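Each chain, letter by letter, is given below.
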Amino acid sequence: MNGRSFKRLRTLFFIFTALATISVVKASSESIYLRQVKPILKERCYACHGALKQEAGLRLDTADLIRKGSNVGSILEKRGNDPAELVVRMTTADLSARMPPEGHAVTPEQIAQIQLWIASGAEGPKQETPEADPREHWAFRRIERPPIPTNAFIDGNRNPIDAFIAASLDAHGLVPQPVAGPEQRLRRLYLDLIGLPPSRDDLHQFLGDPSQSNWEAAVDRLLSSPQYGERWGRHWMDVWRYSDWYGRRMVPDVWNSAPQIWRWRDWIVRSLNQDVGYDHMISCMLAGDEFAPDDDEAGYATGYLIRNWYALNPNDWMRNNVEHAGKAFLGLTFNCAHCHDHKYDPITQDNYFQFRAFFEPIGIRQDRVPGEADPGPFQEYEYSVLRKIVRIGSVRVYDRNPGAATWFYTGGDERNRVADRGSMSPGVPLFLIPQHLQIGEIQLPIPAVYPGLRPAMNAALLAEYSAAIAAVDQKIQQCQAQSEQQTAKFKALNAERAAIGAARSAYEARFAADFAKYNGSPGADPVQLAEAASRIERNASVLQAEALVATREVGLEELKAIQNPDAETQKKIAAADQDLTTARTAVTEAMARLHDSALAGKYTPTGPEYAKSSTGRRRALVQWMTHRDHPLTSRVAVNHIWMRHFHSPLVASVFDFGRNGTPPTHPELLDWLAVELVESGWSMKHIHRLIVTSRVWQSSSSMGASSVNLEHDPDNRFLWRMNSGRMESEVLRDSLLFTAGRLDLTMGGQELENSQAMTTFRRSVYYSCNPELDGKNPLGALFDAPEPADCYRRSRSVVPQQALALFNSELIHQMSNVIAERLISSAEQAHPSAQQLLPEQQFAKQNHIVVAAFEQILSRTPSPDELRICTESIAGGMAVDSLVRVLLNHNDFVAVR
Amino acid sequence: MTRKNACCHQPAGRRPFLADLGLGCAGMALGDMFAADGLWNRAVADERADAASIDGIPKAKSVIWIFLSGGYSHVETFDPKPALNKYAGMTFDKTPFENPVHSPLHRKRFRSVPAEEINVRDVYPTIFSMQVGWGKHGESGIEITDWWPHLAGCVDELCFVRNMWTTDNDHAAENQIHTGRHKLDEPQPTIGSWASYGLGALNENLPRYVVLGGPTRSDTRQSIDAYYLGPQYSGVPLEVDPANPLPFGKRLSSQTEDAQRREFQLVQQLNGLAAAEYPEDQDLRARIRAYELAFRMQTSVPEAVDFQQETEQTRQLYGLDQDATRAAGMKLLAARRLVERGVRFVQVFPSTYGVWDSHQKLKENHTRLCATVDLPVAGLIQDLKQRGLMEDVTVVFCTEFGRTPGLELRGGGKDGRDHHPNGFTVWLAGAGIKKGCVHGATDELGYHALGDGHYVTDLHATVLHLLGLNNRKLEIPGRRRLDIDHGSVITEILT
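Line by line, the protein sequences are chains X and F.
Note that our numbering has the first sequence beginning at 6, numbered continuously upward.
Note that our numbering has the second sequence beginning at 52, numbered continuously upward.
No incorrect hints appear here.
No more than 20 Å apart at the CA atoms, straight line, and that leaves these computed lysine to any residue pairs for SDA-like: (1) Lys-58/X - Phe-436/X; (2) Lys-159/F - Cys-344/X; (3) Lys-137/F - Glu-194/F; (4) Lys-47/X - Lys-524/F; (5) Lys-524/F - Pro-113/X; (6) Lys-524/F - Gln-115/X; (7) Lys-47/X - Asp-534/F; (8) Lys-524/F - Leu-46/X; (9) Lys-436/F - Asp-207/F; (10) Lys-301/F - Glu-815/X; (11) Lys-524/F - Ala-110/X; (12) Lys-524/F - Gln-41/X; (13) Lys-47/X - Arg-531/F; (14) Lys-58/X - Asp-346/X; (15) Lys-159/F - Gly-416/X; (16) Lys-159/F - Arg-422/X; (17) Lys-393/X - Ser-269/F; (18) Lys-494/X - Ile-474/X; (19) Lys-524/F - Gly-108/X; (20) Lys-301/F - Ser-887/X; (21) Lys-47/X - Arg-523/F.
It is worth saying that the hints were derived from the structure and are not from the lab.
The model shown is predicted, which means the values in this text are computed figures rather than measured ones.
Take the sequences, apply the hints, and build the full model.
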């Protein structure tokens with residue numbers, strides 16, 4: 006028996022057994038359809054035969070439409086001995102004709118169900134609605150500001166968020182939990198906004214006046230704290246996939262991202278602290294070089310694209326740009342249209358490549374940073390040549406190759422290029438916003454084309470020359486003070502002084518020549534200026550060569566002055582002699598160049614030159630993305646913000662707002678917040694303030710006594726209480742250090758290695774984040790530190806190794822000791838123990854320690870039971886550092902209540 | 052765990068399932084802890100039980116997955132090719148065989164990570180003779196090379212799969228054989244992670260998925276990573292050092308055992324008070340349980356890698372008495388001890404990163420390296436057999452790709468072979484695996500895996516099947532897996 010006929014037999018067997026079953030339960034045709042057949046069709050067929058597409062004129066999304074058939078007629082009628090076309094196409098051995106064309110075949114069991122349904126009359130429900138037009142999908146419609154529900158305000162609170170929440174609680178018959186106690190709320194607020202707990206003083210201050218106005222004051226204070234930018238910067242770094250350089254870190258060999266990428270991280274932190282609009286931030290990240298071409302900072306922001314760079318394969322770079330710009334900013338899974346048209350959303354495979362075309366021209370350049378040495382040009386990849394870790398300078402994206410072709414390819418493999426389709430032009434799926442892209446070439450300002458002419462660069466270099474001159478002058482003065490004017494050393498210093506002065510003049514002349522060349526300054530002839538620059542530069546090189554000779558002469562004389570030189574010294578003398586000869590030759594050569602007519606007008610430019618224009622593609626893209634009518638950008642952004650305040654999003658599928666995503670739990674609230682974001686100038690602080698001053702955010706996270714809530718909404722989808730969360734790995738480490746008073750709040754700079762994360766105390770955001778083995782610090786690795794490849798939402802695991810780290814690490818012991826010392830000294834102050842304490846004094850002191858420890862570590866006072874148990878432990882001989890460690894291991898330390 | 056009192060498999064379905072699992076939030080899945088406590092009884096979990104990934108009766112309880120990094124030469128290990136000697140020095144087109152480079156398979160099973168315009172690996176067409184002799188062994192008469200004198204004595208226990216292929220022609224193939232995906236594709240959880248995710252624990256005092264000797268390098272972390280399943284399903288690297296086997300796994304010397312116990316008890320007491328206040332807080336309950344486990348792990352983990360109780364005879368069996376074999380032998384003996392104690396998946400890297408990579412001096416390199424693993428691996432097989440563990444444990448022995456039948460010419464090459472994804476050999480043994488069997492073949496020159504061959508995920512499907520799991524049902528919503536990720540069970544090698 007061959008495989009095919011065996012399969013048929015199997016199918017027959019299933020039909021037989023299914024029929025036997027049916028005859029017993031007498032299932033109707035309609036119920037077979039709804040329970041068995043429709044789910045199969047929906048999963049395997051709707052993508053091409055539903056609302057999205059109607060291949061062969063066939064739709065399979067209602068029983069009526071199935072009976073109607075395709076362009077060529079019925080698909081349910083038997084043809085002679087053959088089964089219905091629907092079944093034939095699903096079971097044929099001819100893979101080119103088999104449906105569905107992708108994935109495994111429909112199983113014999115499923116075929117049996119379909120045949121059974123056909124045999125039973127192929128009926129469906131009377132009023133079956135076909136799939137809706139995908140363009141009508143909730144997330145693809147323009148966002149209109151919904152009216153605020155008016156009759157559902159609670160406790161007189163006027164925060165619109167509460168009105169929406171209350172309305173949905175009413176609708177579901179749920180009862181909101183009361184507002185949480187002030188201690189819990191304050192800790193929640195601090196951890197949420199700055200990622201650090203309140204100090205004891207902060208706690209006492211607030212408990213002294215837990216009024217609404219004092220709450221709002223605390224909110225404002227925290228939002229203006231620099232630590233806010235670090236806390237929320239890390240959140241956005243998750244979404245924007247921040248990664249420090251990687252590739253082959255152990256070699257080392259830089260294959261991905263860049264060693265200067267941390268400038269982008271610092272830009273994020275700074276921008277958030279300045280409340281730069283979300284629209285402006287994403288514009289700079291995707292197109293800072295086009296938006297603000299002469300702003301170095303905007304250039305750092307393009308680190309967003311550089312992070313995706315992959316040395317070995319530019320296609321991979323482009324694929325990540327497309328996939329993640331889609332997911333992060335638009336909640337669209339463009340990547341699903343890489344190999345075929347999207348199965349759920351109206352995104353075609355053409356759209357995929359059109360989207361890629363926005364990024365096709367880009368390359369990376371390496372710029373000198375004022376005040377730093379020149380890093381030289383960006384090291385492009387060359388097979389089997391190591392790429393160095395360059396720590397100076399900055400990197401930015403620019404349109405390197407405006408004519409770069411975007412080739413359409415099939416099967417997700419760039420080797421399958423469909424060359425005869427030509428290059429794909431940039432474009433966006435038109436269903437989202439009825440406006441066309443405005444792509445216009447951008448003429449770049451001079452400093453962007455010619456970074457050597459940046460005013461800041463010029464000022465920094467002049468300052469460097471001045472500093473060098475001042476340094477030599479000082480040495481000269483020392484010589485004079487010691488009456489050494491006649492020495493060779495003095496002469497050498499004077500030669501050096503002359504050389505530096507000449508070098509500065511040469512730089513000034515080169516700058517003037519470059520400036521005239523690119524800016525065309527009036528009254529100056531660029532040719533003359535170039536000739537002057539050339540002459541002055543060559544003069545300067547003579548002086549420099551002469552200075553070197555003078556310096557080497559001094560060195561040689563000093564060696565020769567050594568009495569009875571040993572072999573080593575004699576070797577040095579010979580070498581110095583040789584060096585001097587070389588230096589003298591250099592003088593001769595430099596002199597010769599003075600009179601070389603071939604060099605006339607030639608000088609060293611002040612820096613590299615880049616393309617004078619940019620295609621404007623990416624600028625057009627971000628203008629489209631941040632347009633008020635765009636239905637996705639602002640919805641996706643507020644959902645991300647909401648999730649990080651509430652530990653749970655409004656739209657669970659945070660990177661997929663398409664038809665395969667999850668619908669919002671609170672659609673009106675989402676839209677209202679999205680409009681609020683846009684109309685506040687995309688101010689994120691505005692949204693934060695709205696949220697943390699809402700009643701729902703301040704409500705208790707405990708379940709309460711109401712069984713109605715637990716019964717109807719056990720997962721708290723409608724927010725009848727606050728969700729509890731867990732400190733992210735960074736918050737955990739930072740809070741531990743902060744509680745011990747050891748956190749170093751220095752901001753910014755090159756990333757630190759994770760090998761130092763347990764012994765140095767900067768905030769966690771400043772340690773390397775990369776997908777390799779050393780990409781997480783030891784605590785981060787256990788407490789779900791972000792996966793740089795993909796972290797739109799963090800996971801939250803509970804594993805025994807976490808407990809081990811919080812019990813057995815050197816760090817936890819060290820910090821416990823520090824905290825214990827403070828607690829003891831505070832108790833000593835309150836209860837001086839010059840003499841032997843009476844038992845009740847001893848007890849009061851122990852109580853003091855326990856209360857202070859709870860306040861310090863858990864930001865709350867202990868309950869009577871807790872106080873009793875802990876005081877007994879201390880009285881029973883438990884060391885204070887042990888108690889501290891216990892509280893650091895308390896669930897309430899890592900939990901955010 | 053002895054065979055007598057070994058736990059039966061827990062139904063994998065009693066695993067909490069969060070509706071939004073697939074969206075980057077696979078965390079909190081502490082199913083086994085809850086299951087053990089009977090705490091997880093929500094309807095949603097029962098629903099999940101219906102769709103359980105259990106795939107019939109499991110044949111294996113645990114897996115020892117041995118990976119040799121760098122790519123051992125299939126033709127000089129387990130797939131000897133006399134034709135290489137016969138046609139040595141000739142180019143492919145001078146042999147009577149079809150030129151393998153012209154086969155469409157060549158491109159199909161060969162995807163370069165560097166873009167074509169950056170580098171495409173050369174094809175080396177000049178046939179390089181086998182660098183070692185070979186012979187038939189055992190009753191099965193399976194041919195392997197002379198570099199494996201000890202393993203030769205075990206061939207009747209082994210089942211060789213000689214038509215494996217992969218697609219990455221560079222060392223990211225090390226990740227590929229563990230995850231099933233090419234470097235240019237989206238990363239996936241490893242085979243060990245899926246096993247750990249799909250199965251309950253047999254011993255809660257040890258991690259379910261342990262890694263010995265790896266990951267081999269910072270950029271092969273993917274080989275042990277659970278990725279979107281969440282970190283609790285990642286491999287846990289252990290050192291074979293009872294003094295410090297696990298990061299933070301040991302009480303600091305500055306603290307007494309008694310002091311630590313008192314701290315631990317107070318934590319549990321205080322958390323108990325909190326649990327009374329938040330009776331529905333699953334996270335808190337999980338954390339209380341995790342602390343109990345953590346406390347026990349401080350003794351159970353060091354014990355598992357402590358060889359004091361092992362006899363001198365056993366030590367010799369694994370080559371612990373010889374310099375050359377000690378490193379591999381310790382890891383393999385530790386692996387046996389771990390599966391004995393109920394660890395589900397032990398991933399062993401007996402050799403360091405890339406050492407089998409023999410672009411030059413293949414003979415010298417393989418002679419030396421085979422001598423480091425041959426004896427201990429044969430020892431493991433014998434040991435498992437003696438202890439009756441071959442019926443509980445499946446052993447997999449593999450590498451990332453084979454090596455070219457042609458002589459590598461780079462670097463003035465005259466005595467090495469390049470990477471070869473188009474055909475290579477792995478072997479399996481133990482629970483559910485046929486004994487003394489050879490499945491599949493490469494062509495006469497050892498170039499192409501014949502027939503459909505087996506992509507690396509077929510190995511995954513086979514292993515998961517033996518563990519009682521259905522690869523196709525191990526799905527996370529929102530994380531689409533492709534057909535190729537699932538692979539197909541290699542039924543021909545199963546008992």
